[in-house]
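Enquirer: Chain by chain, the residues:
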Amino acid sequence: MVADTLLNYVLRGVYLLFGVGAVLAILRWLVAASRERREQWAQRIALAMVLLALLYAFGHARLLWNREAIEAGRAQYARFGDPRLAELNRAEVRGWILDCSGRDDRALARYAVREGEVSRVYPLGEAGANLVGGGDSAEVRDYTVERLFTRQLRQPLRFGERGELHPAGTDVQLTLCQPATLEAHRLLEATGLQGSVVVQDVRNGALIAYAATGTASQAPYGIKRYTLPGSVFKLALSALWWDAGMGDVKMPCPSEIKVNDRAPAIHNFESHEYASLEVPREMLVVSCNTQAIMMGLELRQRLGQEAFVDGLKRMGFAVYTDQRPRTPLDFWNSGNDQWVRRMSPPPNRVKVMKRFNAFEWAQMSIGQGPVDVTPIGVSRFVSAIGNGGVMLPVTLEADRLGEVPEGRPVMKPGTSLKLQQAMLEVVQRGTGIRAVPILQGTGWNMGGKTGTADVRRGHIPNGWFAGLMFGPDGRARYSVVVFLENGGQGGRSAAPLAAQMTRWMAQQAAAEARQAAQDSAAKARPRGERGREADRDSTTERRS
Amino acid sequence: MALNLFRRRPAGAGAGAGPVGVAINVKAHNVPGAERTGRVFPGPLWWGLLLAVVFYVLAHASIIIGVWPVHGTSPGAGGILFRDGLALLAWGLVLLLLRRAHYRGAWGIVVMPIIVFCLSRPSQFQAFTDPAYQARGKARPVANQAKATRSRLSTIGRVYTPERQEVVYQGTPPPLPDPFKQAVGGETRGFFEKGLTYFPVFIAPLLVLVGYLVVSRQTWLLRWARDRRLFLFAPVMLLFFGLAMLPSARATGKVAGTTPWELILPFLVLTWAAVLADDAYNLARPGAVISPRRLGMLFVYGALPIVPFLLIHELGLSIVLATSFAAMLLVGTRRGWWAALLLVVWGAMVFAVFRTDERSQTRAGLAYHPYRELSSMAPDQQQKWADKVHQIKLFDANVLQGDWLGEGPGRGHGETAPNAADDGFFTLIAAQWGWAGGVALVLVYTVFLVELFSAAVRERGAFDRTVVTGLAMLIAVPFWLAALGDMRVIPLTGVAAAFAAHGGAKLLASAFAVGIIAGISHKRAAEERLGHVLDAPGERAEAEGVRVL
Numbered sequence: 056m057v058a059d060t061l062l063n064y065v066l067r068g069v070y071l072l073f074g075v076g077a078v079l080a081i082l083r084w085l086v087a088a089s090r091e092r093r094e095q096w097a098q099r100i101a102l103a104m105v106l107l108a109l110l111y112a113f114g115h116a117r118l119l120w121n122r123e124a125i126e127a128g129r130a131q132y133a134r135f136g137d138p139r140l141a142e143l144n145r146a147e148v149r150g151w152i153l154d155c156s157g158r159d160d161r162a163l164a165r166y167a168v169r170e171g172e173v174s175r176v177y178p179l180g181e182a183g184a185n186l187v188g189g190g191d192s193a194e195v196r197d198y199t200v201e202r203l204f205t206r207q208l209r210q211p212l213r214f215g216e217r218g219e220l221h222p223a224g225t226d227v228q229l230t231l232c233q234p235a236t237l238e239a240h241r242l243l244e245a246t247g248l249q250g251s252v253v254v255q256d257v258r259n260g261a262l263i264a265y266a267a268t269g270t271a272s273q274a275p276y277g278i279k280r281y282t283l284p285g286s287v288f289k290l291a292l293s294a295l296w297w298d299a300g301m302g303d304v305k306m307p308c309p310s311e312i313k314v315n316d317r318a319p320a321i322h323n324f325e326s327h328e329y330a331s332l333e334v335p336r337e338m339l340v341v342s343c344n345t346q347a348i349m350m351g352l353e354l355r356q357r358l359g360q361e362a363f364v365d366g367l368k369r370m371g372f373a374v375y376t377d378q379r380p381r382t383p384l385d386f387w388n389s390g391n392d393q394w395v396r397r398m399s400p401p402p403n404r405v406k407v408m409k410r411f412n413a414f415e416w417a418q419m420s421i422g423q424g425p426v427d428v429t430p431i432g433v434s435r436f437v438s439a440i441g442n443g444g445v446m447l448p449v450t451l452e453a454d455r456l457g458e459v460p461e462g463r464p465v466m467k468p469g470t471s472l473k474l475q476q477a478m479l480e481v482v483q484r485g486t487g488i489r490a491v492p493i494l495q496g497t498g499w500n501m502g503g504k505t506g507t508a509d510v511r512r513g514h515i516p517n518g519w520f521a522g523l524m525f526g527p528d529g530r531a532r533y534s535v536v537v538f539l540e541n542g543g544q545g546g547r548s549a550a551p552l553a554a555q556m557t558r559w560m561a562q563q564a565a566a567e568a569r570q571a572a573q574d575s576a577a578k579a580r581p582r583g584e585r586g587r588e589a590d591r592d593s594t595t596e597r598r599s
Numbered sequence: 007m008a009l010n011l012f013r014r015r016p017a018g019a020g021a022g023a024g025p026v027g028v029a030i031n032v033k034a035h036n037v038p039g040a041e042r043t044g045r046v047f048p049g050p051l052w053w054g055l056l057l058a059v060v061f062y063v064l065a066h067a068s069i070i071i072g073v074w075p076v077h078g079t080s081p082g083a084g085g086i087l088f089r090d091g092l093a094l095l096a097w098g099l100v101l102l103l104l105r106r107a108h109y110r111g112a113w114g115i116v117v118m119p120i121i122v123f124c125l126s127r128p129s130q131f132q133a134f135t136d137p138a139y140q141a142r143g144k145a146r147p148v149a150n151q152a153k154a155t156r157s158r159l160s161t162i163g164r165v166y167t168p169e170r171q172e173v174v175y176q177g178t179p180p181p182l183p184d185p186f187k188q189a190v191g192g193e194t195r196g197f198f199e200k201g202l203t204y205f206p207v208f209i210a211p212l213l214v215l216v217g218y219l220v221v222s223r224q225t226w227l228l229r230w231a232r233d234r235r236l237f238l239f240a241p242v243m244l245l246f247f248g249l250a251m252l253p254s255a256r257a258t259g260k261v262a263g264t265t266p267w268e269l270i271l272p273f274l275v276l277t278w279a280a281v282l283a284d285d286a287y288n289l290a291r292p293g294a295v296i297s298p299r300r301l302g303m304l305f306v307y308g309a310l311p312i313v314p315f316l317l318i319h320e321l322g323l324s325i326v327l328a329t330s331f332a333a334m335l336l337v338g339t340r341r342g343w344w345a346a347l348l349l350v351v352w353g354a355m356v357f358a359v360f361r362t363d364e365r366s367q368t369r370a371g372l373a374y375h376p377y378r379e380l381s382s383m384a385p386d387q388q389q390k391w392a393d394k395v396h397q398i399k400l401f402d403a404n405v406l407q408g409d410w411l412g413e414g415p416g417r418g419h420g421e422t423a424p425n426a427a428d429d430g431f432f433t434l435i436a437a438q439w440g441w442a443g444g445v446a447l448v449l450v451y452t453v454f455l456v457e458l459f460s461a462a463v464r465e466r467g468a469f470d471r472t473v474v475t476g477l478a479m480l481i482a483v484p485f486w487l488a489a490l491g492d493m494r495v496i497p498l499t500g501v502a503a504a505f506a507a508h509g510g511a512k513l514l515a516s517a518f519a520v521g522i523i524a525g526i527s528h529k530r531a532a533e534e535r536l537g538h539v540l541d542a543p544g545e546r547a548e549a550e551g552v553r554v555l
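Order-wise, the sequence lines are chains A and B. According to my numbering, the first sequence holds residues 56 to 599 in order. According to my numbering, the second sequence holds residues 7 to 555 in order.
Don't read these hints as lab results, they were simulated from the structure. Please read these numbers as outputs of a predicted model, since none were measured by experiment. Keep in mind that a hint or two might mislead.
To be verified - Covered stretches of chain A, as calculated for chain B (at least 3 residues, CB under 8 Å): (1) 85-94; (2) 132-139; (3) 155-167.
To be verified - One-sided and incomplete, this derived list gives chain A residues near chain B with beta-carbon spacing under 10 Å: (4) 65; (5) 148; (6) 219; (7) 299; (8) 302; (9) 395; (10) 396.
No residue lacks a Cβ here, since even glycine has one placed at the ideal position from N, Cα and C.
Turn these sequences into a full structure, and let the hints guide you.
Expert: Here's what the structure looks like:
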């Protein structure tokens, strides 16, 4: 209907033309009226008409300038009935929200017949309610793709649609994969705990799966919620150590440590102790708190506090003393300003006291002190480890994958390799060993760091696993971060869940590879042979 | 009788053709200042008219092609299209007949309303043929729902590939519903009610012609109205009071489902103009005004006509009449102190009304603070205020939907607002043509109003001048009340803009008023032409009010 659209534009142009013509006529009259010496009062009344026209123009524009206030007012009164909103919601055909495959049957938001009516449906259901949208009024909820990508989803599909009464909207394809997200949500739901599972492609920062508890009206749990990282922070500490060129050294791992006389002792988990371990690698494997504290203090002493802080900043941590840091807007690789404004997570942050406090410093070294992170923030950091130490922004829109920025080196490539190796060991023989049986037979490997963050006294601690999925070729492919509120020890709760996710990803990859092989084999076969095979199939079908 | 007026007269016959017995034949290109005589249709007006007619036809076509299949139509949509076609033909016929009758007045007076009509009518056409807008009461939400379902299905059918449609429907697509049939099943209005909606649109052009002929050819009628004003005033006021005292009028402001009040206004203006013309000299002197006889006269002819409007709570029309009378007084007496006094009285009246009258207070509240904080109200108050805000809420939605450049002909969903074709007409225009279109239409209308007041400027006789001013105000004031009210610059008063918005009686009364102004303008032009030809009675005599009849 390009002709109709063109006609629409032409007619709007004619309206403007009349406006211009009227302005010229009025100007001409004003010139003549200024010379007129006859009936002054009738002339003045006519002049008042022109002034009223200006008043109209201002009044109309004023309503447009106050758009936000008026829309807020309308929204407030919408519950008393708004036929326009009801009609538009029922009549409009927005674009679909497609998943990573771009297939219609896997769309995350689409249209389908429900109870005899064509309605907008969200096949992810609860799994996507927290990020994609869902329910009856997904479009008015704050933190969803459906809401924040409204402009794109309503953008007319093509030029011909611009003149239509109800233009069909444009699809938005996400990097999020429907099956992976459903699986992540299933695994998370099985725990019965609050939490979040985030899977990212380490090569390009694409968000592959995101599942979090919480309803659609709450801020996304895995993106906005601050929590203590626990021993996951030791990854950053180790990166600092290796980056500073402090090498692998043997250190004891006592069961507890007192950093000064007034401070209480800090213990290892279940008061384990080792005579000597090579730090940082073996410290990560057994997650030795006392060694991490000694490393933290040593780093401060050798590098100085400023260099230590600079190192943390390089790794994406916001370090502050008094004023809380602002949310940076470079987290997402997105072309949607609204999404960036609303959905940028608060930065991973570390508070450094004005006056040095050894106990605080020690707590920070084991991720228990003044350190706050978000699950998606940890996921980005772990992805950087898998990506040779280069941190990329997180991508959700598939069309932005072609425009992934170069990224920011947050650690040396050698450090990232050492960390990857240590993370593999954590799973193979360390705190994450419960994942091993789950991964057997998949051909894939998983490395990572477990974390157990103490909350309040008497409460079950939060469990973490921040890891990498390694493909059969031994290359890190995806990062996986599991956070379980009150999930207990990370190695017991979060690591097995991450392993199950890895197992599922491995199976999917194998199935896709098989399918691709079959497809390419079918293409490679001569046409005549395929015809004969099809005939044979149909004959068999008839016989049966 | 009327048809005889269009017959070509033999050369030399009748007044204005030159001295008796002398036939003058001057070729058109040799006549100096031919444009000024009014015979020539000015070029910009001609092109504007042509463009407006093309716009009218194409905008209707765009609605039929782009809106009807998507939303469905109301029954009688074809009849409305036919009516709109007839209306255009009627306007064309009026122009032809005016040419034929050697119209010499300002062409802008008769052409500008046609341009306004052509620019604004398609928006009404869309509203009137919309199935939900035409449904009544509880049927309306049902029709709205069916309309929306139909829209979605037709969009999917238009845009989606068969594969995607298969994903959506998983089988056979549901049938397209017919919204109006689903809601009410058929036309519910009777012949009389339907006729009142249908006929004024193409009767109005003919009333322009009637008004013109009455003034230009039957000059005794105006003279009689001026000299025997009480014979006109008394029956009109009796009728007016009689209608206003009817229970239905006092309850709803309507008589048998119609609002005939607008038709009375031109007659009241005529009698007030006669009063002013007779006594303009004394009314221009403060000392002379304060006499019992003159004050009584001012009250009877100037204030009493406003009373019935107050009885039926027609605040809008009372404002229209009061401002028209005030403007006439000003133009008739040419005294600035009258303007100052009127402004003071006017301001006090408005202040008093908005302080004491609850309905007016509500209207002011709706204009300036419609979205009150709900948490500050009790639940029953919330519901009451929400009911009142409903219309304003949808008018605002229209304005915001149109944004700066609008959505195009019939687009923008302006018809979802109640009374979008009359009370909220400018919001309908805003939804379809945006801020730019709304301002363009207002400017075009302003040119029309300027043309009307310019006709008053040209008049030298007090009676004609005040009549033209009063009639022009009858068209101008409702227009501004409606336009500024819709944009919440002033409270909504419920009056409609003539030639632009829907409104049967308003349209008829305004068309008649335009006809009268065109007739007066023609008479003035003819006199000026004769004056130049005979060089008599001379500038000075003319300034003193001496006229050639």
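Enquirer: List in ascending order the numbers of the hints, as given earlier, that are violated by the structure.
Expert: Hints 7, 8, 9 and 10 are the ones this structure does not satisfy, whereas the remaining hints hold.
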